[in-house]
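Asker: Based on the sequences and whatever the hints tell you, model everything.
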Amino acid sequence: MDNENNSAVKLTWFDKIFKPQVITLPNGHSTIRRRSRAPIIVALVLLAIILSLRMTGFDLSIIIKKFDKLMDLMVKLFHPKWSFFDKVTRPLVDTIKMSILGTVIGCALALPIAVLSSTNIDKNRVIVSVLRFILALIRTLPTLVIALVCALIFGLGTFAGTLAISIFTFGIVAKMLYESIETIDMGPFEAMEAMGANKFQAFWSACVPQILPVYLSHSLYCFEMNVRASAILGYVGAGGLGITINERIGWRDYEGLGMVLLTLFVVVVAIEFTSEYLRGKLS
Amino acid sequence: MAEKLEKIEKAVDEKLTVAEMYANRPRKWWVYTLVVLIIAALVGWSGSTVQFEGLTVTGRSVAQGVISGITHPDLKLMFGTGNTDVPYLLLQTMAIAVLGTIFGAILAIPFAFLASTNILPKPIAYLFRVVILLIRTIPSLVWALMWIRVTGPGAACGVITQSVCSIGMISKMYITAIEDLDTRILESLDAMGCTPFQKIRYGVIPQLTASFISTTIYRFDINLKDATTLGIVGAGGIGASLVQCLNSRRWAMVGSFVWGLMILVLIIEYLSTQVRSKLARGE
Numbered sequence: 001m002d003n004e005n006n007s008a009v010k011l012t013w014f015d016k017i018f019k020p021q022v023i024t025l026p027n028g029h030s031t032i033r034r035r036s037r038a039p040i041i042v043a044l045v046l047l048a049i050i051l052s053l054r055m056t057g058f059d060l061s062i063i064i065k066k067f068d069k070l071m072d073l074m075v076k077l078f079h080p081k082w083s084f085f086d087k088v089t090r091p092l093v094d095t096i097k098m099s100i101l102g103t104v105i106g107c108a109l110a111l112p113i114a115v116l117s118s119t120n121i122d123k124n125r126v127i128v129s130v131l132r133f134i135l136a137l138i139r140t141l142p143t144l145v146i147a148l149v150c151a152l153i154f155g156l157g158t159f160a161g162t163l164a165i166s167i168f169t170f171g172i173v174a175k176m177l178y179e180s181i182e183t184i185d186m187g188p189f190e191a192m193e194a195m196g197a198n199k200f201q202a203f204w205s206a207c208v209p210q211i212l213p214v215y216l217s218h219s220l221y222c223f224e225m226n227v228r229a230s231a232i233l234g235y236v237g238a239g240g241l242g243i244t245i246n247e248r249i250g251w252r253d254y255e256g257l258g259m260v261l262l263t264l265f266v267v268v269v270a271i272e273f274t275s276e277y278l279r280g281k282l283s
Numbered sequence: 001m002a003e004k005l006e007k008i009e010k011a012v013d014e015k016l017t018v019a020e021m022y023a024n025r026p027r028k029w030w031v032y033t034l035v036v037l038i039i040a041a042l043v044g045w046s047g048s049t050v051q052f053e054g055l056t057v058t059g060r061s062v063a064q065g066v067i068s069g070i071t072h073p074d075l076k077l078m079f080g081t082g083n084t085d086v087p088y089l090l091l092q093t094m095a096i097a098v099l100g101t102i103f104g105a106i107l108a109i110p111f112a113f114l115a116s117t118n119i120l121p122k123p124i125a126y127l128f129r130v131v132i133l134l135i136r137t138i139p140s141l142v143w144a145l146m147w148i149r150v151t152g153p154g155a156a157c158g159v160i161t162q163s164v165c166s167i168g169m170i171s172k173m174y175i176t177a178i179e180d181l182d183t184r185i186l187e188s189l190d191a192m193g194c195t196p197f198q199k200i201r202y203g204v205i206p207q208l209t210a211s212f213i214s215t216t217i218y219r220f221d222i223n224l225k226d227a228t229t230l231g232i233v234g235a236g237g238i239g240a241s242l243v244q245c246l247n248s249r250r251w252a253m254v255g256s257f258v259w260g261l262m263i264l265v266l267i268i269e270y271l272s273t274q275v276r277s278k279l280a281r282g283e
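Protein chains in written order, with my numbering: chain A, 1 to 283; chain E, 1 to 283.
Do not take every clue at face value.
What the simulated footprint calls covered on chain A by chain E, stretch by stretch (three residues with Cβ under 8 Å from a Cβ of chain E suffice, anywhere in the stretch; the number is not a length) [to be verified]:
1) 45 to 54
2) 61 to 72
3) 151 to 160
4) 225 to 234
5) 260 to 269
No more than 25 Å apart at the CA atoms, straight line, and that leaves these computed lysine-lysine pairs for BS3-like [unchecked claim]:
6) E:K4 - A:K281
7) A:K16 - E:K172
8) E:K278 - A:K175
9) E:K278 - E:K172
10) E:K278 - E:K225
11) A:K87 - A:K76
Because the hints were derived from the structure by calculation, they are not lab data.
Fair warning: this is a prediction, and the values are worked out from it, not measured in the lab.
Backbone N, C-alpha and C fix where the C-beta goes; we use that ideal spot for every residue, glycine too.
Answerer: What follows is the structure, encoded as structure tokens:
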């Protein structure tokens with residue numbers, strides 16, 4: 001009984017309150033099994049649900065009572081007004097253009113920043129942590145709020161939307177990229193340095209070929225998200241499909257809205273498939 | 001891939017020198033040229049509509065206002081305890097995200113099983129995938145605008161919106177987990193004479209819980225950010241007040257809302273990453 005082998009199991013404060021179960025094996029050794037944390041987690045989740053229900057005033061009976069209203073809306077949505085298609089194309093093209101330009105600008109800005117904030121290339125810890133903190137702050141800002149501020153500063157229209165998408169893309173791509181850069185193989189880089197290449201040459205021929213496919217793949221992924229995100233930016237006046245969507249809902253023209261959403265769906269699916277195919281090729 | 005390997009093996013057999021190997025290196029420059037050309041063409045095409053028209057008349061004052069607001073937030077609002085102060089609104093935003101994520105995660109389970117090709121025949125599974133894709137493409141703001149007609153404005157609308165929106169992404173991730181199920185475990189349980197219930201309890205659930213929980217936590221992260229913007233259309237949370245303050249140019253209040261939002265999102269993101277990396281390590 002003395003040769004208890006507890007070193008493999010790390011004990012935390014939880015185990016000090018709820019003593020682990022000791023199991024004696026047939027050969028005389030004994031091992032411990034920690035008590036399950038599930039009951040505590042379930043209790044915490046239940047508590048969170050109850051508090052949240054109280055806070056939001058959510059009531060399931062509303063949905064049941066107004067279910068016919070919802071069905072009415074859904075039926076209209078699934079009978080799109082085909083004649084509305086002509087009015088959808090222009091804002092749709094605007095939305096796509098906004099996301100292309102925004103993605104390209106955001107990704108172009110993200111590349112140098114991502115390189116500077118990966119710990120294996122940039123040895124300066126201060127720069128790394130400052131850049132990462134700034135990126136984290138940018139990522140916390142909701143795109144719609146950025147778009148609204150841009151629209152207030154630069155006027156209503158596609159420029160504000162493009163700028164908002166660029167900022168959003170910059171934050172996300174830079175983060176995904178520095179995480180990928182940190183996993184690249186630094187062996188070739190050291191080998192080249194040992195052979196007398198300077199830091200830039202070594203980086204250019206040893207790291208860039210490893211980073212480039214990942215970078216393109218992240219950019220494509222972000223483009224996918226941006227098409228979806230930019231469709232609603234018009235709601236705050238930043239151009240594109242959002243204006244049309246808002247207008248249709250305002251006029252309660254759900255057949256028209258159905259047409260807008262159907263077009264958006266087709267475009268998003270087409271872009272998603274192309275991008276998934278290309279990303280498959282890249283990896 | 002096999003061809004490439006053969007080529008390399010042949011080269012090794014022929015004992016090429018380093019210089020000859022270098023001369024035979026794979027050339028990808030035309031791929032990159034093509035990528036650059038395509039991107040340039042796309043940017044040229046989209047640049048035509050997105051034009052910079054200068055600042056609006058009030059643009060400069062708005063920009064100054066935003067900066068002064070962020071540097072001088074309204075501290076009374078930020079630490080107050082009333083129903084319109086930052087802490088209460090942040091809690092409400094979090095409550096919306098908690099309920100939306102949990103309901104969404106539960107609703108996603110049947111969808112995910114119905115859309116997995118290893119459980120149902122392919123045609124039915126693909127049908128459900130289209131439904132999931134449809135849910136995912138409609139922007140959350142549009143969902144919120146539709147639900148508001150049913151529930152009326154308020155936090156309850158945010159909860160329903162998020163429950164529905166989350167189904168899309170959560171079930172997509174669940175499907176991957178379900179299709180990766182190791183069926184050999186089920187076979188061995190079968191061989192041991194287990195009942196179907198035991199097979200599910202000991203063969204299926206342990207394989208899925210970790211990734212399901214991880215997905216749910218990840219989605220909570222996204223939902224929290226999303227909940228901050230839902231307020232713009234009147235679905236509760238901090239967004240409504242933030243946009244009102246922006247539009248009425250009360251910069252000090254904008255500053256305190258933005259700070260509150262950034263701090264909350266940063267904390268939640270940090271915690272969620274910690275928990276998820278623990279889950280991935282299997283603790």
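Asker: Checking against the hints above, which ones are violated?
Answerer: Number 7 only.
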